[in-house]
Amino acid sequence: MLSVGHYINQFFAGIGGEQSANLPPERRDGPVGPGRALQTLLKDSGVVVSTLICGDSFFSERAEEARAAVRTWMEEVRPDLVIAGPAFAAGRYGVACAEVCRQAAELGIPAVTGMHPENPGLLGYKKAFVVPTSDSATDMARALSVMFPLGHKLASGEPIGPAEVEGYLPRGVRRPGRRGEVGAERAVAMLLAKLTGQPFRTEIPVDKYEAVPPARPVADVRRAKIAVVTTGAIVPRGNPDHLKRSSETRWVKYTLAGRDRLTGDEFECVHGGFFNLMASENPNLVLPLDVLRDLQREGKVGDLLDTYFTTTGNDQRLADCRRNGAEIAAALQSAGVNGVLLVAT
Amino acid sequence: MRLELGTFPVTRVTFGTAAGWSQGGLTVDRARLAKLVLEDRRIRDVRVDLVEPGEDTRIIHIRDVIEPRLKVEGRGHVYPGICGHSMETVGDGVTFRYSGFGVLIASEVLPHIRRAVSAATDSLIDMSGPGAVTVYSMLRYVVLTLVTQPDLELTEWNEALRLAGHRVAGELASLLRGLEPPQRQIYDLAPPQTPLPRVVHLHTLNASMVPGIGTGVYGFTPHALPVLLHPNEILDGAIAGDAVVGYPGKCTWLQVNNPALTALYARHGKDVDWVGSIIARTRWGALREKQLSAYQSVKLAQMLNAQGALVTWNHGGNDLIEVMLTIQGLEKAGIKTVFLTIESDIKVVKLSRALAETGSDEPPLLFSVPEADAIVSTGTLAPEDSLPPVSRVVGGESLVFDQERPDVRTPAAGSLDLEALSGAYSPIFGHFDNYGLGRQSYYDY
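In order, the protein sequences belong to chains C and D. If you count the first sequence from 1, position 319 lands on 319 in full-length UniProt numbering, and the numbers rise without skipping. If you count the second sequence from 1, position 438 lands on 438 in full-length UniProt numbering, and the numbers rise without skipping.
Since the hints were made in silico from the structure, they are not lab data. Just so it is clear, the structure is predicted and the values come from calculations on it, not from any experiment. Don't take every hint at face value.
Lysine-lysine pairs mimicking DSS-like chemistry, simulated, CA-CA at most 30 Å apart [as the list claims (entries may be wrong)]: (1) Lys43(C) / Lys194(C); (2) Lys253(C) / Lys332(D); (3) Lys194(C) / Lys35(D); (4) Lys270(D) / Lys194(C).
Now the in silico label distances, taken between C-beta atoms and shown as ranges [to be verified]: (5) Ala224(D) / Gly108(C): 57 to 63 Å; (6) Lys332(D) / Ala105(C): 37 to 43 Å; (7) Arg323(C) / His112(D): 33 to 39 Å.
Ideal Cβ positions, reconstructed from N, Cα and C, are used throughout, including at glycine.
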């Protein structure tokens, strides 16, 4: 017998709309509101043992308290499965449902929610199992009829199939699998579908890229300590650390101390992603020490860190890029650097 | 342009002095092939081996695979523009070919070339076991293991190897002259009886950063603005790889067996009106060059009145920028696109569950545009396990997995844990299915 905990907002609990959105979390035994439809779907296989109700404004404005209440509820009730919402297009409700799923995951409790694909709640916790719904509660019965079997499968520990098979929204995880036709035939069939207005489903949904917020501008470069970091793979001639030409996982650092410019006798470029002969002959093209020293002499740059950092920006794993970036940033920070000239190739 | 392909399937290959093809059996004259290769003074030694699928064999140092083809009627020479072949436009007449068979050129990279060309990597093909993941594990081969003069410069080395391979391929193809092919198929782009959606193949191909080598169009390898090819030209070998780089998607065998061409031909006249293949070179150095190439490709597609485009590419990182700019431009011009692509780039060497996942730590594509809303993923061909030891190695004895440590050599016959040995780059020859030969893909979870 599956014990199910259900999270809903004040509106679906029948307590009230916006005027009641500050309702603090409260628990009820058994199903409330849409929980009754859920109980009907469960039939004899399970029971909605407890419902947690919280006002949408309360959840967004007093997030810490709301989260604590959700956690305590789950720890005490220990349901086999948590169902949150569905929230449809309601933004704050969606955010709350996603948070409920996150808390459940942290406690090892399977959880499913439902919301419209454009609900901001989807951004809150990407790993949540979210069944797509329409933008209004008229879709309640259908949404629950997809959410419940998915939840049941999760609770039973059965392996979960791909999003398009099980009916949830992609969770940012992609795994290999085989399809019915070979790739070339699928591609021509998809093109034909697109040309004739038939439905088709892309096999790679295009993601928006992570936007990296820029650092604050350096207040006064004339008084700043500047460092050079390059993904251009400029290394001492002979490549003492065997920096790879592509798919490098590490970064390295070398000294600039006592040098006015880089010469091709002492340095070389080992980047394999472009025709690097010119950069090897004149490494200043990638690591512009010559110009930086001029600027230093002219007083336009305060200080230049004696160490530069480099890696090969060519076919790297994103995971390695992230780690390298964090490690280099930490080294720069501890060296008291205020600004960095980042040279890509 | 009308091309008839006569196909001679190869189901067994044996050595013998009575060279010829009969009922699936190909007999090759080992001594004659060796002599042919050694006519070129740049080649000091050659070994000729036969390899077939299912064997406990690992082929290493693969430089290219060539499907022997023979122009029986019509102008020009198969694989035009390279190895001294005529520049005459091909794609018309009758061409004979073997299926399931290739001449494989194997030769270890010369040390100075290894230093100069990072893409001149060591590669391998396992003919059985967990590493037998690509189409190249399913072909029968005459393998030519070549030892060249040690001081050949890059383009000389490329020419010597390629010429050896094509001389042997030409010799074997000539055995078909006068025979009746078991299969005949006619390829043309006859206008359909009733109007059908007009589709163009946007066939983007990387151009080499290193002068003098790379995948060529009629042997022309430099970066160039887009050009329109009839698919029959490609079937006659107008696109051919070099014998240097180890990139997947550059192999000469693959160009004439490109499944994207097969799939488009299968629908031509029934569901679509295929108007040809625009070849657009990629890996330009500057954004303005990338833009120019993309915009000119779009313009050509518009001048062809294309309504749809199948966009393919054959590898790279920065190449994807102009590919995506092309998709964006086509969509903005009202030409509907589908992009056929590998996934996960080169990141997966061994298909452990954690390494194979994309989307969380690794984006499935390095770069994309919102207009690319119809993409087919050919996933990854990474093997699920380490490669076990083999009883026979052809093509050499040991492998270098790190171009920066050519002195660190791994015996090729042993067990190979590719993830440990090779890091993020797979040495399996043709480890991407660039054009959709297989059913492997990725799913969202």
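Here is how each hint holds up against the structure:
Straight-line distance between C-alpha atoms of Lys43(C) and Lys194(C) comes to about 42 Å, which puts the hinted pair past the 30 Å bound. A hinted pair counts as satisfied when its Cα atoms are at most 30 Å apart, and Lys253(C) with Lys332(D) does not qualify at roughly 45 Å. For the hint pairing Lys194(C) with Lys35(D), the CA-to-CA distance comes to about 55 Å; that exceeds 30 Å, so the pair is violated. Distance check on the hinted pair: Lys270(D) and Lys194(C) sit about 16 Å apart at the alpha-carbon level, within 30 Å; holds.
The supplied range of 57 to 63 Å is met by Ala224(D) and Gly108(C), whose beta-carbon atoms lie about 58 Å from each other. Taking 37 to 43 Å as the suggested C-beta distance range, the pair Lys332(D) and Ala105(C) conforms, at roughly 41 Å. Hint check: Arg323(C) to His112(D), Cβ distance near 34 Å, so the stated range 33 to 39 Å holds.
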